[in-house]
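Q: Using the sequences plus the hints, can you model the full thing?
Residue numbers (this note's numbering), protein chains in the order written: chain A, 1206 to 1866; chain B, 199 to 566.
Just so you know, these hints were derived from the structure itself, not from any lab.
Be aware that a few hints might be false.
Stated by the list, open to error - Covered stretches of chain A, going by a simulated chain B footprint (3 or more residues, C-beta under 8 Å):
#, segment
1, 1274–1281
2, 1572–1580
3, 1585–1596
4, 1630–1638
5, 1675–1684
Idealized CB from N, CA, C, for every residue including glycine.
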Amino acid sequence: MATIAEHDTSMTTRRGAFRRPTATTGWVSWLTTVDHKKIGILYFVTAFFFFLVGGIEALLIRVQLMRPEMEFLTADQYNQIFTMHGLTMIFFAVMPLGAAFFNYLLPLQVGARDVAFPRLNALSYWVFLAAGIYIYSGIFLGGLPDGGWFNYAPLNIIGPNPGDLLDAGSPVAEHVGRMVLYSVGLQIAGIASLASSLNFIVTILNMRAPGMTLMRMPIFTWMMFITSFLILFAMPVIGIALWQLLFDVRFGTNFFNPAGGGDPILWQHMFWIFGHPEVYILILPAFGIVSEILPVFSRKPLFGYTAMVFSGIAIAFLGWGVWAHHMFAAGLGPVANSAFGLSTMFIAVPTGVKIFNWLGTLWGGRIRLTTPLLFATGLVGMFTIGGLSGVTHAVVPHDYQQTDTYYIVAHFHYVLFGGAIFGLFAGTYFWFPKVTGRLLNESLGKIHFVLMFIGFNLTFGPMHILGLWGMPRRIYTYADGMGWNFWNMVETVGAFIIALGILVFMVNLFTSARRGAVAGNDPWDARTLEWLTTSPPPPHNYDMVPTVTSRDELWHRKYVGEGESPPVRVPAGASTDHDPADAAAPHQTLPAHGPGHEGHESIHMPSPSYYPLVAAVGMPIMGWGVMLGGAMQVALLVLGGLITFAGLFGWVLEPSAEETH
Amino acid sequence: MRGRRPRATGTVGQGRPPGIHSLVRVAFLAVASLLTGCAGEDLPQDTLAPAGPVAQAQDELWNIVFWVALAVFVIVETLLIAVLVRFRARPGDDSIPKQTHGNTRLEVIWTIIPALILAVIAVPTVQLIFELSQPPEDALEVRVIGKQYWWEFEYLGDEGKGVITANELVVPVGRPVRLTLESTGQATSDPLGVIHSFWVPKLAGKQDVVPGHQRHLSFTAEEEGTTYSGQCAEFCGLSHANMRLAVLAVSEADFEEYLDSHSTASEPPSSGDEARGAQLFEERQCVGCHAVSGFEGAEARIGPNLTFFAEREKFAGYMLDNDINDSADNVRAWLKNPPQVKPGSQMPNLGLSDQDINDLIIYLRTLQ
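A: Next comes the structure, spelled out in structure tokens:
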């Protein structure tokens, strides 16, 4: 720790190994940023990249299943690809896409200048990226995880190829390596999620603008709040299970191995106690997005705000009591199956409340059929199907037929694609102008929606039928003559239509970012605080932290009148208490202040830092150490450990701003 | 248990009382055949066409929840589309609608009504869960062992006469069968198995097979002469997709005869090409894994019991058609390199010469 020794003990002149960076543009500014908006953009770009990777994996799966007895992929390749499709979409696409929206919007929505712990926020991003790189490094290191995202014991210990156990050669080591990637990779990703969940919780609890009571928070912030608690409680459960798995496969312990007195059912309990809340971690942010978008484009407040908040809380709470419905066929006995069947039925009630309240929001509105609204109503329509097929799983005796078939695959894609992905696209079209200052092209957006809607239903609709016709999940091939050929072909065609839709979206993204129509502060006539500031917002978000007097604060600054007669727009400058132009315009004399500037009345913003990146770099290095043996293992563990430790050490001792010269 | 009504297993309307259920099936098939142009396509693993009391009871629950879900689906989607059409903003209309924040009465209604509907569905659900967990009386007891990647069946008790077979389970028609499900490693004595799931959709929903535990599943096959198709439903490794099985329902008399003949040991052939094959069977270590009743030294339970191999419909985890009595192309390809035919197969490539394979095929033809 030579860097520490160099330190002058005086607080004012102390320096880290790295000068505290000051760049606000250029690539260094992206590596060192602690600005929640830049981190949000980093999250979005990275997660969207992983979404494309997971999508390509889905296409490979669909090509392999296009016809019976295809030989496009080997069984081994297929198993790695379907496993990575699940892991990628859940941990590296949908969850971080949610985090992208959280990061960008949370401080804006609650009227704060940043999150509570900006450097921790940067750490979350870099650790998430490190986890993604680590787990995909398996491509070069003997293969990717191949046991499914659920990775049941004891298959995760024994491996998929018992023939190899006979010669005890390298294939066994290869299997261990794949399981280490799974276990350590998800551990690293879990650190990122845990850190950001705490960050968001603290931000929401402590950094809301004056006047913003909890029940005046935007509904999306509420859903973030709930989701963060779910992450906070769910991640430690899978964390423990992953450690146990790591020790079982790497060091021969016997937590889950029945041959040594362990119990494979214990893994299932641990996995699904995490795994089911995880479903709500994936879907609640999308619910929040839709609950923001429907009111804006109906020009009405959210119908039953209180019910929406409490149904979200109820879903999150009940979500902890339904995990064994993933295990109805595992043989837990009639009492457990009945209890979890009932709890599964009743979680449908708060979910139904949300659907009906969304319909109530639209009812009586002046609905503008923009792309964000189309995707949002797409969620309402498609998630309803996923919710209803979910209720059919609760009918336990028939779930013995449904479970582990394509009926389940259909169900959770209607929830997570028709729900979460549609919601995230709705949010992308909705907030893109806030992030870039330009609108996404509406025509391309509608083409994107139509392609995705058709492709989605062609891909996943027939899976209901195939599942009920007896087609199991996770099979790399199927026999001819099962009656499954036609719908499998339809599904493959549908998957490529989705891919076409995504291509249209990407074209839209790239062209609109440069040449899209200029948005202005509030292009949608929206209701919440983030539309008060400029697009894109200044680094400090608000020149003056707004004072909040009502839910839908911005709407009430723009319109007066409630009750029977429709509200009327306040002429600019006529309001005595709130001036809609208040936030940005009159205060432009206040410079956005980075460190190193003169002017002590400026807004203090946290300085960028290298240390979150440094701390994150050490983690996958330690992870690769776990895969190896002997001296390399020790070397990598020590090296990675030192890097992470140095990063955290430098972080702690970092001055709050680089000294001025 | 439920009353046993004779039911057909095949296509629509054949010996099935018309009702809600066949309507669902007709609707599905109508759509399917409209689009494929092949009406009455055979669906050997169709859960909507149950052929035994257990699967039928499960299907009856489905028929309740399916119609409820369909009704809710139609209501919600119709409302959604109607609202979008009716309340869409006309071009140029920039007016602000009435700002309604909610309606407590409505919200209470759409909370309570779904809860009531679900409570109604819950009653038969819980009833059937407990009903199905009861072991049937006078059942044929069979031990099922899931291995990577095939099924071993062992008839239990005195009436089972010690018969052990693989992938094709012969059962008497109309009599309950109670399976005791276990999972082991390669040898039946090796506790190191993985989780599988036993599933014959037309007979009963699936039951996971968990190493270190015993699980049970009961069903009754009701159609004589029918082969019920099934396969492993829990991901179990490389050849999970190739771990298939069949249940064959035969008359009570035929079943007795089946057990009698299969429990009679016969000496290995002692002359001709068959004898050379039998000798190879021993020399090339086939006996290290496979048992053949009456073949001295062939008692292992690592691979499938081959005593009546030539009678089987399919082999290699019910994956390949058994053409041993015809061209034997499939058997030949298998003996040449099993893991290439079936990924992850525990049977290694034994490096058999074409001559060895021919001799072994001649011997295997005697196993009936």
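Q: Look at each hint and say if it fits the structure.
A: Hint-by-hint comparison with the structure:
1. Here the segment 1274–1281 of chain A counts 3 residues with a CB under 8 Å from a CB of chain B, which clears the bar of 3, and the coverage holds.
2. Interface restraint, the segment 1572–1580 of chain A with chain B: holds (3 residues with C-beta to C-beta distance below 8 Å; minimum three).
3. Counting residues of the segment 1585–1596 of chain A whose beta carbon lies closer than 8 Å to any beta carbon of chain B gives 7, which reaches the threshold of three, so the coverage claim holds.
4. With 0 residues carrying a beta carbon less than 8 Å from a beta carbon of chain B, the segment 1630–1638 of chain A misses the three-residue requirement, and the given coverage is violated.
5. Residues of the segment 1675–1684 of chain A lying with their CB closer than 8 Å to a CB of chain B number 10, which satisfies the three-residue condition for coverage.
Checked against the numbered hints listed earlier, the structure breaks hint 4 alone; every other hint is satisfied.
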